[in-house]
Structure formats: C-alpha cells, structure tokens
Amino acid sequence: MPAAARRWLPPGALAVLCAGLLIGAPLAAHEAHPAAPPARQLPAPGSYALPPLRAAPDGLVRDEQGKVRPLHELLAGRIVVLSFIYTRCADGAGCPMASYTLSQAAGRLAKSGELGSRVAFLSLSFDPAHDSPEVLAAYAGHFQKPGIDWRFMAADPPSMGQLLGAYRQDVVKGGDDASLAHTLRVFLIDAAGQIRNEYTAGFLDAGLLATDVQTLALETARKAETPPRPSPASTGTGDPRAGYQSGAYRSGSRALLARQGVPLALAARLAAGEPGLPAMPGPLPDAAQIALGRRLFFDRRLSHNNTLSCASCHVPEQGFTSNELATPIGIEGRSVRRNAPTLLNVGFLPRLFHDSRENRLEQQIWAPLLAFNEMGNPAIGYVLDKIAGLPEYATAFDGSPPTMETLGAALAAYQRSLIAGDSPFDRWRGGEETALPPAALRGYALFTGKAGCSGCHLAAPDGPLFTDQLWHNTGIGYRQSMIDRPAAEAAVTVGPGLSLPVSARDRAASSIEPVNDLGRYEVTGDPADRWRFRTPGLRNVALTAPYMHDGSLPDLAAVVAFYNAGGVPNEGLDARIRPLNLDATERAELLAFLESLTGGSVDALVKDAWAAPIGDHRAR
Amino acid sequence: MKHVTSARWPRLFALALGLVATLPAAADETCVSPYMKRLTGQEDFMYIWTLGALGMGDEQDKLVTVDVQPNSKTYGKVIHSVSVGGRNEAHHSGFTDDRRFLWAGGLDSSNIFIFDVYTDPAKPKLVSTITDFVAATGGIVGPHSFYALPGRMLITGLSNNQDHGGRTGMAEYTNEGEYITTHWMPTDDQLGGAVKAGKLADGYGYDVRAMPRLNVMLTSSFTGWNNYMMNLGKMMADGEAMKRFGNTVAVWDLHTRKPLKVFDVPGAPLEIRCAWNEKHDYCFTTTALTSQIWLIHRDSKGEWQAQSVAAIGDPKKIPLPVDISIAADDSTLWVNTWNDGMARLFDISDPFKPKQIYEKQIGAQVNMVSQSWDGKRVYFTSSLLANWDKTEGPEGDLQFFKAYAWDGKALKPSFSVNFIKEKLGRAHQMTLGARAMSAGAPIDRPATTGLATLGK
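Going down the list, the protein sequences come from chains X and B. Take 878 as the starting number for the first sequence in the working numbering and just add one per residue. Take 240 as the starting number for the second sequence in the working numbering and just add one per residue.
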C-alpha cells in the first residue's frame, strides 16, 4: 500500500471493506431466524416477466487455456449467469459467500435436470495477475456442480477495465495486501445476449436466481402481453365513488388498460346526423380535418409545458367535461373559475363560453390555448411554431405550417363531430312509445308545465337542444359575489364515510382569494347583465356533473332542488325562477326525464376518443 | 489522495464499518433503499430539491447544495445551486444503488433530472433529463418515489395522462436512464392476482419500499394531478375532488412485481418506512387526511396485515402528517405534521403501540424530515406542494431548511437557511451526500467511468 494511503486508512480497514462492499447486506436473511413465520414460496417459473434491460456488453476474456476470446462468443445461444469475482478475497463473508450462493442456484438447476446445455455460469476474475488458470481451477472446484457448465476465467487489462466499467462493477485496487474492494453485481443474460436481470451479490437468493433462469428457459419467444379484458363501461370516472360519504362504500375502480378504443367514421356520422338533433350548420368538415382535430385535441403538447390537452378538462368518458372537479385546474395547477362545459353537441351553439363572448369554435380555441391559467402558451406564433415542429404534424396541414385559421378549423372539426342525439327522449318523439318510462314522461310534462324549465331550456320542435342560447340570472353568481362568506367550519371529506370540520383559517391558509364572476356583464358592461350566464343545453346532462357555471351543485337532484326553492333571490333574478312547489315524486320524475336525454351514441364517441393517440412529449 | 487530510479517516472508517456493522439493516439516511450504499458517518452535503416560485429569484426548480459538515468553513451555507428550467413541481429524489446519481422528479411536467453527485459531490451536475417519461411508460404522470433496486430505479407515479386522476402505475428504468417496464396499480377489475383485504382497491399510487429478505414491496396511495396541483383551499371546498384520494396500501411480491394483497388504509397513506432489524417484519405509514399511524406487519402465520396503531396529534384538527423517518434501530419514528409545523417523535419500540414522546414546532409549516444514520442530526424542510403551501408566516418560518442536533431529549437548532431570503424557492426533498462516497474519495475510486456516459 502506498505510504500516502496508509496514513489515513486505519489498519484492517481494507479487510472490512472487502466484507462490507462485497456483501453489504444480510446473508440470505430468509434462512436466518428459525422462529420466524413459514418461509415464503418461490414464484412459479414462467409466471412473471423479465423484460430486457440492455445488451450485455462485450469484451475480451482469457479462457482456461489462456486463450483470449470475446465474451460474446462464450455467451452465445445460452442463458448465462455472469458474475465477477477474485479469488484473493478470502474473507468468509466475501466473494466465497456469493460464489456459494451461485453454487446453490447451480445445484437447484442441476437437480431440475431439464436445462442441460442451455444454461451456463461464468465467473470472471478481474485480478488476472493472481488468478491464473490454475488458481481459478482450484477455486472452481469448491463451487461447481455436476450437470451445470460453470466456467471460471479472467480478463486482462485493458479489457478488464472496460468490462468492469461496462458492467458497472465498482472496483478499487487496495495494493499489495490482496484486497480488491468492489460492489459485486451478478447478471442474468438470455440466449440473445440481453441482460434480463441484475442482482447485488449481498442480496443474492439462490432460489430466485434459479427461478429466473427457468423462467427464461420457458420463454420460447417473447410473448406479447395479453391485453386485459376490455371494460364494459365507457362513461363515468375511473371509480364513480358513489356512496363515498357512507361507511358502506365499496370501491369500483376500473383499470386504464381495460379501455378499448374503437374508431368511428366521425365525418360520415356527422353528415348523416343523429335522430332528434337539428341539422349541423355547414359547411361540414371532412374526415381528414376531423382526424387532425382529434389528434390535436388529445395532444398534451398544446400546453406550454406539455401537461394539458383539451381532453384534460373535457374528458371523454366524463361527458367531455370533468366530473371530478367543480372547476378545472389549469397549467401549473392554476385555478380556473368556471366549470368546463361539455363538448357534446357544441357544434350547434351559436355562441360559446358561459358568457357567450365568442361566436365561432374556430376562434374559441385561442382562449384556452393562451390563457395564463389554462394552457398557458405565451403567444399565437409560439403555438403554431411548436405544432409545426412536431413530427406528427409534418404533413398534417396539407404540407403547410399551421395557421390560426387551419389550427382553429381542425380543432373545431373534431368538436363539431361530437354530435350525440338518439336519446330515449328522441326515440319517444320519433314514435317509439315505450322508449320513455312513465316517470320520465311525467317529468317531461313537468319540465314544460308546472316546473317551467322549458322557459329557458327550450324544447323546440325541430330538434330541441334545450337552450334558448340566452343569459339568465339564477342567483348562483350573485350569491357567490354578494352573500357567501366562508363558514367558520366546513365539513371536508377525508376518507370513505369520514368527514371532518375544517376551520376557515385552515381553509384559507394556502388559499387564493375567491375570484368574482359577473358573467355576461364582463362582456357587455351592462349592469343588467350582472350574474347572467348562458343557458346550457340539457342533452346528455346526466353525464356532465357537477352543475352550474361554477360546478357548485354536485348532482341533478341538487339542481332540481335549487330551482324548486326558487333560486337565490336578488334584484336581477330571472322572472321565471320562482319556488316551484314540486313534491318528492315530481322531483324524481323531473330527474327521470333529464336522465332520458343521454344520447345512444355517447358510448361510441367515448370509445372513438380512446382510440386517439395521446400526444405526449417524446425525446428526440 | 494528496488532498486527503488526516482528519478524515475516522469518518471514512465509520462509513466503511457502517456497511458491515449494520449488515441486516437496509437504508433519509434511515429511509433509503437497502440496495443502496449507505452513509453511516458524518454527512458533508445536503442536496435539497427545490421548487421554483413565481416572482422569486430565477423562478425555476433547482438542486440546492448546503454544506452540513461542521468542520467546514462554509458550514450551514448554500454552496451550490443548479437550476433545471421550468417549474416542474419538484418533489422527491433518490440515488441509484451505487449512489453516483441522484434522480429528481417533477410531479407536474413528469420530467426527471439526473444529477451526477459522484464526480464532485460539492457541485452536483445535471447530466441527463428524461423528458418522455409519460410517453415511455404508457401514460404514467407524476414520477414520485425514486427507489433504488440493483442496477435499476423503481419510480412510482401519482397520476395518468388520460384523466389526470389518481389511477397510476410504477415504472422501472435502468441506472443508465433507459425505460424497462410499467406495473399498473391494482384496480377492482384488474387486481392482477391480488386479493382485497377489505372493501377498497383504487389503483392509486404514492410511495414504495422493499424488504428484500421477505421478498415484499409495499406501495401507498395519494391522489392524482388534478388534486395535487390544485390550490388546497379550493380543493377542500370541492366535494368531488375530496373523494379522489387514495385509501389503500398494497403488498407486492418484490421479485415478480405482482400485487398480493390490497389493504383498506383510508385517508391517503403516504410515506412508507420499513424496520431495519431482520426480526422486525413490519413497516409504517401515516395517513395524511385521517392522521393515523398504520402498521403493515407480517403475522405469525406469515400473512401480511394492516392496522391503525396510533393517532397523530388531534386527527379532528387535520394536522396532516407528511414525511416520517424511522430510526436505524427501529426505536423511534419522526412524524412531521404539515399544518401545524410540528415535528413529533414517537416511541415505536412496541410497533403496535406507538407513543408520542416529544414534539417541537419547526416552522409555519413543515414537510420533510431526514436524519443521519445515528439519529444525532435531524434536518427539516418546509414545502409540501406549490399550491398547498402556506402563504403567510413569520420571517424564516415559511420556506426553509433547518438543521438540528438531537441528543435524545430535545432538538437543538444548528443552523437554518431561509429559502425566501436566499431567493431560492420552496425547499422540498433532502438527500445526504458525502465526499467519502465520491470519485475523489481514495477508498472508493471508480475503476472506470462507465456511468459517466449517461449524459451523452
């Protein structure tokens, strides 16, 4: 050892290092305490996957006869357990322990007797000056098992250094006292030369290693993963969490992988129209425009930091809105103050947004793309340049870079294609008498009669959309601006069947100030328009919870209860909103009617959406 | 070697000896992967993965290095900072098993930043950024825990790219930064062979810890992008959003990565810390919303069980337990409660009956806790999530890194760094570094620079 090193390294430290760095962990701990619970069972060979990690690096080694050969020649065509050793590490807990565990694995494999020449063990010494073929042969004799080809070789510098580096062996020459501290790694390499597992020597488990070898041996060809059973459900959140506030709640979560996309011919479907709907104002987009728009709609790269697509807030299976949020969350988590409207049948709307400030879908897209609290892009040109630079869109816009107009047209095209009629109500109107259950029929009578809903949610004879496309003050906005004060304590759900009161102080500790929303007034500046919001259509309304412009009502029952109570009195309250005196039966009938407005093809639209690729950032 | 001073060898020796003396144990320093090289002596550096804040300094996420070596002239000072670009919702970080690289994730962007802490541990260098984590993994959003396995990193997710909800999975990468595979968390319709111990399976994710000697792995469950990115006050007012928290802990076969059992652990179980002693077949987790310590343990028949074993503070006040840290001898557990800024120490010598034995307010809020292997030095940071953090508090108590000495009875302040005054941002995850584990360390010099090609 160099004198300089001796000065700071305490006596015996290298021996300690040898043991420590080589093993650095429990010795086959599952065998360590007899009083422990029953030993675990080994997994069945072939019952799990060992995905390839990387190609096994090559290098020159010196075989038993002293001949220098490429490592790959020794690996070829066989499953190989490759370890790195040096025989001078004489500490009982060092290399010999790892070699002993390997020997146990070899023994297990020999016993199973089926693998024969398909498996080989190879131990490479990185201490060629000492580990001559004779030394290695003597060492090997302690560990080899009959029936398993286990060879012991060495590598000479500089190949040794390259191999150690390529296999990430951490080695330090300790000097002339025969200590070579290193972190020992063991590799499982398949017949095609791919590393399939990597082990730290201190955690080597003979049983698991042997099982891994058998697993590779059972693998004739790498099987494609079996796709999971498709889920029958295509609408709703991943787990509706119905009854979550009850202690009896049982989860009903669905796997994302169980989604099965089924593309629709959206253009043809749009051209044909849907029973019950009016004609879509023309001109209609073609299939290519719709396909491009669909790709863009699901592309998260359309936001400044690649995290949000249009579909992030208009989630297909959540009624093309967001069932899990009162109001959406924009870029970097910024709060958006209004509920995301559904995009089903959005092509029929002459004006857009809850305050109707926009008049064409083609233009509307720029508001969310550029809003600081939505997709957060810094400029129109930035968006266009970014899309132009994405390989998926290289030829998409007829070979030209996208423009404000063509990008708008594409996104509008997909949104226009989201028509969803053919509801039970439509079928009933079409003459199918049994399409509506009696309760829904009575609900329709209330809707157009006693409850007066159709005063604003027009049930026009020529394909009703259930909106007058105008703005009304229901008092929801007024209440938020003028009445609401934070409750001293509010109940907050903290788990299934569990809620706790949280003080106003705690709720406000990290809270932004509530944002005012004056509705249509913000567009016109007319005091008469304060707290007026656009009448939403009611088609597919059962799919689009939560409700109202601020998502403040959780379900349709709450909406019916709100109107039944006459809204929130204020000077601008729409004259049609008054206490309705609906009894429980009538309220249930109204709900039954609203639930009959769900289109028969929403399911297909959702599955089509699932077939669209999600645009995530990709490395170049 | 010529730079080595004679004062260093006791520390090196402690490092080396620690690797042997604590053989049965696995890894804050007491909370890292057992597969990882362990630092048992005096740490030299603290790497603090820090969230950039709008309007503060350069506004972007950064890895801040603080000198924590008491003998150093710059002790207690920020000695280095690497800005990574953007606000990614910097959250957790973890070393590769050889402790050469620190992987640090962003819950928003899903970017993963890989720093070389080996070549010069005083100046971590950003050598590689994984920017396609979502695409590569098949849709996992929000890389959370970075857990070292032999030659690879296991990365838990929090969300997905389809609905930004809580359903998610775990991904494996090689130490070189190559994607290997994805494991989705068990849902009711795809339990993957697991059994439900109770009524719940949500497919949510958060933390992961492994016990190699038992061949098991545990995962916990938090919430999806929508909620962790949302303003906390807004979220508490949103009844639907509050239903979207995880309520499960899953036990997995570590080797095959297949889920075995899903437990009901209501109220967002977060960090998992496993006992070190080889006769202690248990791990702890704490629930953020319901403020309970849960024990996940292997019973005398070898079956895994889960039970709530203690309340943390007054659960009715939602103290919001966040990070926890187990002592190397399994005797105590630090539990931080974010909402009241308290560090609480529990005696867990009877794991079925944890008892709080000490508490101290660290700041207006407190999130992470890291302790040295011997438990004598305890470090705290403030930030939980950008949009959950408190906005008002005493000077120096809002965003900070604070170091204390623990003498078995009380925490005594050593120093603190005010992250607002220093214009750094919000201090989050801490990891400990040491010169003794670096390329320049004489006992641990690399034979080659195999991994240094990572950044290419």
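In short, the hints are calculated from the structure, not lab data. Beta carbons are placed, not taken as given, at the ideal position from N, Cα and C, and that holds for glycine. Watch out, some of these pointers could steer you wrong.
[To be verified] DEER-style ranges, computed between Cβ atoms:
| hint | chain 1 | residue 1 | chain 2 | residue 2 | range |
| --- | --- | --- | --- | --- | --- |
| 1 | X | R1237 | B | Q546 | 54 to 62 Å |
| 2 | X | A1271 | B | S547 | 55 to 63 Å |
| 3 | B | Q546 | X | G1266 | 41 to 49 Å |
| 4 | B | K362 | X | D940 | 41 to 49 Å |
| 5 | B | K540 | X | G1124 | 23 to 31 Å |
| 6 | B | A644 | X | A1496 | 50 to 58 Å |
| 7 | X | A1014 | B | D359 | 38 to 46 Å |
| 8 | B | N516 | X | G1024 | 36 to 44 Å |
| 9 | X | M1281 | B | G294 | 29 to 37 Å |
| 10 | B | S547 | X | S924 | 28 to 36 Å |
| 11 | B | G294 | X | R1234 | 51 to 59 Å |
| 12 | X | S1123 | B | S570 | 35 to 43 Å |
| 13 | X | R1237 | B | D359 | 55 to 63 Å |
| 14 | X | P1391 | B | P652 | 33 to 41 Å |
[As the list claims (entries may be wrong)] Within a straight-line C-alpha distance of at most 30 Å, the following computed DSS-like cross-link-like pairs (lysine-lysine) qualify:
| hint | chain 1 | residue 1 | chain 2 | residue 2 |
| --- | --- | --- | --- | --- |
| 15 | B | K599 | B | K312 |
| 16 | X | K1484 | B | K660 |
| 17 | B | K435 | B | K540 |
| 18 | B | K364 | B | K312 |
| 19 | B | K316 | B | K540 |
| 20 | B | K438 | B | K364 |
| 21 | B | K540 | B | K312 |
| 22 | B | K482 | X | K1484 |
| 23 | B | K316 | B | K594 |
| 24 | X | K988 | B | K497 |
| 25 | B | K364 | X | K1263 |
| 26 | B | K594 | B | K648 |
Next on the checklist: Quick check on a hinted range of 35 to 43 Å for S1123 (chain X) and S570 (chain B), using CB atoms only.
Outcome noted: holds (40 Å)
Next on the checklist: Hint check: K988 (chain X) vs K497 (chain B), CA-CA at most 30 Å. Holds or violated?
Outcome noted: With a Cα-Cα distance of about 27 Å, the restraint between K988 (chain X) and K497 (chain B) holds, given a limit of 30 Å.
Checklist entry - Do the Cβ positions of K362 (chain B) and D940 (chain X) conform to the proposed distance bound of 41 to 49 Å? => result holds (44 Å)
Next on the checklist: Please verify whether K482 (chain B) and K1484 (chain X) have alpha carbons no more than 30 Å apart.
Outcome noted: holds (26 Å)
Checklist entry - Is the distance from the Cβ of A644 (chain B) to the Cβ of A1496 (chain X) consistent with 50 to 58 Å? => result 45 Å Cβ-Cβ, so the 50 to 58 Å window is violated.
Checklist entry - Is it true that the CA of K540 (chain B) sits at most 30 Å from the CA of K312 (chain B)? => result Answer violated: K540 (chain B) to K312 (chain B) is near 55 Å, above 30 Å.
Checklist entry - Between K1484 (chain X) and K660 (chain B), is the straight-line Cα distance small enough, at 30 Å or below? => result violated (52 Å)
Next on the checklist: Does K540 (chain B) sit within 30 Å of K316 (chain B), going by the straight-line distance between their CA atoms?
Outcome noted: Violated, at about 52 Å.
Checklist entry - If you draw a straight line from the CA of K435 (chain B) to the CA of K540 (chain B), is it 30 Å or shorter? => result Since the Cα atoms of K435 (chain B) and K540 (chain B) sit roughly 18 Å apart, the hinted pair holds (cutoff 30 Å).
Checklist entry - If you draw a straight line from the CA of K364 (chain B) to the CA of K1263 (chain X), is it 30 Å or shorter? => result holds (29 Å)
Item to check | Distance restraint evaluation - N516 (chain B), G1024 (chain X), Cβ atoms, bounds 36 to 44 Å | outcome: holds (39 Å)
Checklist entry - Range hint 23 to 31 Å: satisfied by the CB atoms of K540 (chain B) and G1124 (chain X)? => result holds (29 Å)
Of the numbered hints given earlier, the model fails hints 3, 6, 11, 16, 19, 20, 21, 23; all others are met.
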